[in-house]
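Number of protein chains: 2
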Amino acid sequence: MTSQTSFSGQDTAFVEDFRTMSTFGATANGGVDRQAASTADGEQRRWLTGLLQEHGFTVKFDRAGNQWGLHEAVPGAPYVVVGSHMDSQPTAGRYDGAYGVLAAAHAAFRLKAGWSDAGAVAPKYNIAVVNWFNEEGSRFKPSMMGSSVYTGKLELDTALSTTDAAGISVREALDAIGCRGDFAGPEAACCAEIHIEQGRSMERDGVTIGLVSSNWAANKYEFVVHGEQAHTGSTVIEDRKDALLGASMLVVAARELANRFPGVLHTSVGQLNVYPNSPVVVPSRVNLLLDLRSADESVLAEADTLLHRRIAEIESLANVSVEQHHAHSWPVTPYPREGVELAAKVAADLGLSNKSVMTVAGHDSTNMKDLVPTVMLFVPSVEGISHNEHEYTTDEDIVAGLAMLTEVANSLCQGALEPAGTR
Amino acid sequence: MTSQTSFSGQDTAFVEDFRTMSTFGATANGGVDRQAASTADGEQRRWLTGLLQEHGFTVKFDRAGNQWGLHEAVPGAPYVVVGSHMDSQPTAGRYDGAYGVLAAAHAAFRLKAGWSDAGAVAPKYNIAVVNWFNEEGSRFKPSMMGSSVYTGKLELDTALSTTDAAGISVREALDAIGCRGDFAGPEAACCAEIHIEQGRSMERDGVTIGLVSSNWAANKYEFVVHGEQAHTGSTVIEDRKDALLGASMLVVAARELANRFPGVLHTSVGQLNVYPNSPVVVPSRVNLLLDLRSADESVLAEADTLLHRRIAEIESLANVSVEQHHAHSWPVTPYPREGVELAAKVAADLGLSNKSVMTVAGHDSTNMKDLVPTVMLFVPSVEGISHNEHEYTTDEDIVAGLAMLTEVANSLCQGALEPAGTR
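Chains as they are written, first to last, in the numbering used here: chain A, 1 to 423; chain B, 1 to 423.
Excised from the complex, chain A in its bound form (with noise of 0.2 Å):
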């Protein structure tokens, strides 16, 4: 896994302080765990912190917890946001999201050293590093926490309010780490994000660069499966409300429905707890989350009523009652048009092989492009591995989007996308 390749100074100490940042929740296989407002999570945001004063950037934490890497070259003009988020899932990659904050400081560095070389054309927006809080939304739901609250489409409220397993709310936590602020946030003129695909389209076409230009839509639902406490072993099969079988077949359903649709639809059950979870003890209730995705709303509707039929005949099968506690959707929507094209032209401008991508995983760029102008970048996985301590793209794929984002960023803050109501 090391690389063959010469790197440039600045791209050598890009990749040594991604070594560096791999360190903090690193595990023992090879990947992180780095939960939001985790202490791992709270040293990481630490050492971020002194990146980029290092840098000559100043650095604050709003409400929400998103950390923000602040340059003004235009004082009063709106920042060209750019960055991911550094939590991870429990026993995660060291790619995900962690890769898009270091390559947007990297990036950001760049910028303002151009900048204040002598004759440099000074820039429209000023530049922003942003380290959004809660991407993965394992600990704390819901996901992508801290760019919903930036974009007002969570309460500021709510999303501190949200507890963990354990009862610890989102304010305990980020005060614990010293990451809550009562910073709002710059104003926002742009957005930029890379991101590692979590896929395998990009390695199997041989592209270095993935053009980011809608995201798939999802439902995701909440379901509570009841039954009632029997004993496993003295109660006959016909008295039992097995809450546990109902769920099981839940989730077998679920495969089900995406075999129905062969490539088109992603389903999946990542959460599900039983109760009282005894070995004797029939379960009396299972909350499961279970998702459905795809790039086409028809099938995912159908898919929906699908579900829905099936659910009716496991209350019948499994002798228990289904209910569907939350659920929550987004639909297909673009990337504008003009980022897509502008950074098809950027890459091949730099000479990096890409193509048009969707992205079936949810970024916190799909909340910022509802804001203002925003594109989004894709590096290739290798195998496609992510939510694994073996996720993996190569050093050269990591630097060539970093080159990518930086001249994207640049001509971000050129005034290359004018947000929608300057334009």
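Just to be clear, a hint being listed does not mean it is correct.
The list cannot tell twin chains apart, which means a pair is met if one copy fits it or any two copies do.
Claimed, not checked - Straight line, CA to CA, 20 Å or less: simulated DMTMM-like cross-link-like pairs of lysine to aspartate or glutamate:
| id | residue 1 | residue 2 |
| --- | --- | --- |
| 1 | 241 | 315 |
| 2 | 241 | 256 |
| 3 | 141 | 164 |
| 4 | 241 | 389 |
| 5 | 112 | 17 |
| 6 | 241 | 383 |
| 7 | 241 | 291 |
| 8 | 355 | 182 |
| 9 | 112 | 155 |
| 10 | 124 | 302 |
| 11 | 355 | 383 |
Rather than coming from a laboratory, the hints here were simulated on the basis of the structure.
Use these hints to put chain B onto chain A, whose structure you have.
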């Protein structure tokens, strides 16, 4: 649920003690939550100590946390051991186990009082009331822990070193409630236990006393399903190794097995834990406990074969591997015929309707019967509800069961069943 029958003073005292006992760890829905060595378990044990001491019994805790109430009527003679367990499942009923301990205590009080009457015949054996530690096994596995140590089936150190989900050992938990002693336990001559049926058969047949003739055979397996972490959204379905899908197929397979042998095979999965259990991560590992139980050992053997055949299919269908981590099983074993005949005679003398039954659930007497002549008795469970806050047995039945247990214990103390070595 109040009784219309007018009871004797002794019976009223028993019913009142039962009400008092049910306040320890009482839940809002009329049940109890008194897991082994919990605070509520400790408080209830102290209450039992007081009750036993009031009646002149010597109370000792043995090295495995079993609570003994001893009355030595014949210096140096072995003891007839009568009792059950007071620990419970989470959100359980008031009768399971606790009824048997309190009935044992009141039976022993009556025997002791009888023996002190002028002209009473001295018994051959002494009487010991026992409250076995951790019969339920919900907090610390395995179940029937205290009686397993007493009967030499489980090493004391193994039991004391067992930890709960929070990492607290049995040793620490027993010390925390002050219930770990240095007593080795009394020498047992015979054993009797009374318990609720936890099924519907006695209620259906309208009998008051069940004469337990044998236990169902059981196979208990711990399976670990291994998959691989991946992103629930972006990972294509063919690349997924979803441990929860495999585990869910196993839960469904267990029920399908039961359906294949209607009425003669009981199957269940009561406990299932998912890792990393995050909304957007394909689970990499699921641990689950699966039980097969039957009165027919050939059915159990066939079910075991079919289960393992199905597991091989599931490994292929879900792209996972299934590891059988731990398994233990027990055969159909009879309670001694002489004990069943003795109990039938006692029931007939008392005018109590009775029938021979098998027990599907395990009991401490299942251990004791391998050590000394043992009599196991049931009273009916209304609607067969058990391991549930709505578990219920009528006051008439618990009082009838107490009369039955008293006379059986009396006969055993008189030497009606001789220990194997002395016959």
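Hint by hint, here is what the structure shows:
no. : hint       : in the structure
1   : 241 to 315 : within (10 Å within a copy, 27 Å between copies)
2   : 241 to 256 : between (23 Å within a copy, 15 Å between copies)
3   : 141 to 164 : within (8 Å within a copy, 28 Å between copies)
4   : 241 to 389 : between (39 Å within a copy, 15 Å between copies)
5   : 112 to 17  : within (18 Å within a copy, 80 Å between copies)
6   : 241 to 383 : between (42 Å within a copy, 14 Å between copies)
7   : 241 to 291 : between (25 Å within a copy, 17 Å between copies)
8   : 355 to 182 : neither (41 Å within a copy, 75 Å between copies)
9   : 112 to 155 : neither (34 Å within a copy, 69 Å between copies)
10  : 124 to 302 : neither (47 Å within a copy, 77 Å between copies)
11  : 355 to 383 : within (18 Å within a copy, 65 Å between copies)
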